[in-house]
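Q: Chains as they are written, first to last, in my numbering: chain A, 6 to 207; chain B, 22 to 233; chain C, 331 to 670.
Any given hint might turn out to be false.
Stated by the list, open to error - So the derived list for chain B, only partly shown, Cβ under 7 Å to chain A, looks like this: (1) 31; (2) 40; (3) 54; (4) 73.
To be clear, the hints were calculated from the coordinates, so they are not data collected in a lab. Beta carbons: idealized from backbone N, C-alpha and C, even for Gly.
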Amino acid sequence: MSADVSDLSLVRRVQSGDKGAFDALVLKYQHKVTKLVMRYVRNPAEAEDIAQEAFIKAYRALAQFRGDSAFYTWLYRIAINTAKNAVVSRDRSPVDYDLDTQNSDESYELQGRMKDAETPEGLVLTDEIRTTVNAAMDALPEDLRTAIVLRELEGLSYEEIAASMDCPVGTVRSRIFRAREAIDRRLREVFEGGLGRAEELG
Amino acid sequence: MNEELDSQLSAMFDDELPQAECELLALRLSRDRALQARWGRYAAIGAAVRGGDIRLGGMVAYEVSSALASEPLLADARERPMQPTGLTLARWWRPMAGAALAASVAALSILWLQQNSLPASAPLVARSTAPSAAPVEAPASYVVPRALEARAMRMPATELANYVVAHSQFSTPVSRGSLLSALMASESAAVGAPEQAAGAAGDPDHHADDSP
Amino acid sequence: MQTTRPSDRLAWFVFALVVASTATAQEPRLWLERMNQALTARNYDGVFAHWQDGKVEMLHIVHRNQNGAVTERLASLDGSGREFIRTGNELTCYLPDKRTVIVETQSGEQGPLLAGFPTFDEKSADFYDIRELTRTRLNRRNTRVIAVTPRDEFRYGYRLWIDESTAMPLKTQLCDAHGRIIEQVVFASLTLASRIPDSAFKPEVATDGFQWLRSAPRAAGPEPANASALWSALKLPPGFRMTARSAQIMPGAQDPVAHLVFSDGLASVSVFVETRSEVVPADQQPVAGVANVGSASAFSTVIDGHKVTAVGEVPPATVRFIASSVKRSEAALSAASPGH
Numbered sequence: 006m007s008a009d010v011s012d013l014s015l016v017r018r019v020q021s022g023d024k025g026a027f028d029a030l031v032l033k034y035q036h037k038v039t040k041l042v043m044r045y046v047r048n049p050a051e052a053e054d055i056a057q058e059a060f061i062k063a064y065r066a067l068a069q070f071r072g073d074s075a076f077y078t079w080l081y082r083i084a085i086n087t088a089k090n091a092v093v094s095r096d097r098s099p100v101d102y103d104l105d106t107q108n109s110d111e112s113y114e115l116q117g118r119m120k121d122a123e124t125p126e127g128l129v130l131t132d133e134i135r136t137t138v139n140a141a142m143d144a145l146p147e148d149l150r151t152a153i154v155l156r157e158l159e160g161l162s163y164e165e166i167a168a169s170m171d172c173p174v175g176t177v178r179s180r181i182f183r184a185r186e187a188i189d190r191r192l193r194e195v196f197e198g199g200l201g202r203a204e205e206l207g
Numbered sequence: 022m023n024e025e026l027d028s029q030l031s032a033m034f035d036d037e038l039p040q041a042e043c044e045l046l047a048l049r050l051s052r053d054r055a056l057q058a059r060w061g062r063y064a065a066i067g068a069a070v071r072g073g074d075i076r077l078g079g080m081v082a083y084e085v086s087s088a089l090a091s092e093p094l095l096a097d098a099r100e101r102p103m104q105p106t107g108l109t110l111a112r113w114w115r116p117m118a119g120a121a122l123a124a125s126v127a128a129l130s131i132l133w134l135q136q137n138s139l140p141a142s143a144p145l146v147a148r149s150t151a152p153s154a155a156p157v158e159a160p161a162s163y164v165v166p167r168a169l170e171a172r173a174m175r176m177p178a179t180e181l182a183n184y185v186v187a188h189s190q191f192s193t194p195v196s197r198g199s200l201l202s203a204l205m206a207s208e209s210a211a212v213g214a215p216e217q218a219a220g221a222a223g224d225p226d227h228h229a230d231d232s233p
Numbered sequence: 331m332q333t334t335r336p337s338d339r340l341a342w343f344v345f346a347l348v349v350a351s352t353a354t355a356q357e358p359r360l361w362l363e364r365m366n367q368a369l370t371a372r373n374y375d376g377v378f379a380h381w382q383d384g385k386v387e388m389l390h391i392v393h394r395n396q397n398g399a400v401t402e403r404l405a406s407l408d409g410s411g412r413e414f415i416r417t418g419n420e421l422t423c424y425l426p427d428k429r430t431v432i433v434e435t436q437s438g439e440q441g442p443l444l445a446g447f448p449t450f451d452e453k454s455a456d457f458y459d460i461r462e463l464t465r466t467r468l469n470r471r472n473t474r475v476i477a478v479t480p481r482d483e484f485r486y487g488y489r490l491w492i493d494e495s496t497a498m499p500l501k502t503q504l505c506d507a508h509g510r511i512i513e514q515v516v517f518a519s520l521t522l523a524s525r526i527p528d529s530a531f532k533p534e535v536a537t538d539g540f541q542w543l544r545s546a547p548r549a550a551g552p553e554p555a556n557a558s559a560l561w562s563a564l565k566l567p568p569g570f571r572m573t574a575r576s577a578q579i580m581p582g583a584q585d586p587v588a589h590l591v592f593s594d595g596l597a598s599v600s601v602f603v604e605t606r607s608e609v610v611p612a613d614q615q616p617v618a619g620v621a622n623v624g625s626a627s628a629f630s631t632v633i634d635g636h637k638v639t640a641v642g643e644v645p646p647a648t649v650r651f652i653a654s655s656v657k658r659s660e661a662a663l664s665a666a667s668p669g670h
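Here chain A stands alone, though its shape is the one from the complex (with noise of 0.2 Å):
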């Protein structure tokens, strides 16, 4: 049972003065924080605005965070209470019904919601990212595979992943880091130049 401690040691740097570390705990929850925000708002630039705001409010509420309960778990009240907020503040009608169940991760089509959206912003390369997340993990071996979609699809802990693979909790690190190298290494050929890395060209 997770007892926090990666987001408590970077809490604690926080609350001791430390910006770049509320910089890293950002970084992890910025998109679970915005994929939960759009259940609330359908605009994919609003959403965005609206998790910047709950980032910020969670920043300046942080002196008075105690540990009580996970970090994750009190960012995502405020960010469900910052969405809701939003919305009711638009006059739209106001969300009644039941979304704060936490772990129901939906996935969406960026392109479906092109079609409704009223701004088809964030146009990057998408089927070119979808495409080379795929390939990369199509081409994992099995072992990688159903470790990090164990971890990241199904939330397991590593002694729950090894109990389920049959192996030891050091080989499940090992196979979650080896396969996140893997799928990194093939995502920064996309980003960081259509034409890939210089060293593997040619």
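Guided by the hints, dock chains B and C onto chain A, whose structure is given.
A: Quick look at chains B and C alone, frame taken from chain A:
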């Protein structure tokens, strides 16, 4: 990159690193931009594995960091840690920032140039019968358009550059980009040298009577 | 957050057009229009290589369109340190190698979005052949290759590799009438961003001790007798017509310069006429001459004692033709009035 460090980073990301190591790594993470970038990429990979769009929310950390640059610290910074400004937050997915990029970009350009000095494997064939629709060759050599009977223009380079800039707003976006790009080069105007007839171009003065 | 803004509608329009295009649109001209719209209306951040005259240079462009307000930064990555930053009507050119900053205020007559550049119409089709050469993959993107071929030697042609899903030109070649390549631009990386912060448009050059040269559009008021209204070109190459005129004060100068623009729908040529004429001793008269500025040609001559300079992305013969036919007379007022 230090593989042991990155492995610890991966474990810390999953909250599977012992506390003592977490404390140390947290300190490094708050100051090491490359490490932060990797950390950010782990988050993006997680989002991708879950099937979402990586780009959604990808700028939030940057915006938050910029916004918090002017916020007071939560406490007196006893240790005086380095305070990265919003601008230094690693924008790992954006192909810009600093000398490191320039070096890697220069490397890219050399390789691209090499690739393009080979004959194109599938030359484009124009379907038109227009005489000028030559197949595309790899740009191993470029022609510089020369005027016949040209005298070198005597005008200060800056003055000519001003004219080019003033003209650029009336060009198509594509042309404007190249006009301004040309002014980026070390000499803003290359003065055409007087020279002999170029040969193939024919004599444009023949057209002078073809008024509309 | 708010109702659709004009630029968003435009951007949506471009997007919808592109999405619909895969099924129906065959017209190469439409691809050109989409491309021009994408270049103007989208936000993007890219690194490209610019080949010219056997040399290649890497450049970085960031472009943002917010509600029609365009901000843009172009910077050299190869060490000249030069940066051009455009904010609205003002273009600031940082030239650290010359320890100079040039600030050019462009005339506000041109609309911020699409009205500023030549529009290709039916008449233009007489002078250019536009067709799709092929579809191909470039950098793992599906692109349409559009060839714009001039029908005479007064203008240049293009080959454009246009990305099918974003309409951005991933590769562009400028060619002469014989298909020989004069210039090439290729994007090494390109990101279309939802938002770009203001900090992306701040110059990196430190300008302490630099000389600042500013231009200004001509103040409203009665124009002096030498103003642009009295200048025109009586003979133009086929297809060219006057599309704009104004007067402005160039950076570092005191006196206004008449600025006439001629276009054939794709290429454009500016003619600058210095309004100040003075008696110059014969041995100091400027001599007609030609220059290249990148792929643009420039030609300067003297007419009626006024220095006339033509600049444009056309062959040298064309700028010489146009500059030489500039005349000042009463008759010029009725001929070739500004069209569009």
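Q: Evaluate each hint against the coordinates.
A: For each hint, the structure was consulted:
1. A cut of 7 Å between beta carbons decides the hint on residue 31 of chain B: the least distance to chain A is about 4 Å, and the hint holds.
2. Because the smallest distance between the Cβ of residue 40 of chain B and any Cβ of chain A comes to about 5 Å, under 7 Å, the interface hint for this residue holds.
3. Violation of the interface hint for residue 54 of chain B is found here, the shortest Cβ-Cβ separation to chain A being roughly 9 Å, above the 7 Å cut-off.
4. With its C-beta approaching chain A no nearer than about 5 Å, residue 73 of chain B sits inside the 7 Å limit, and its interface hint holds.
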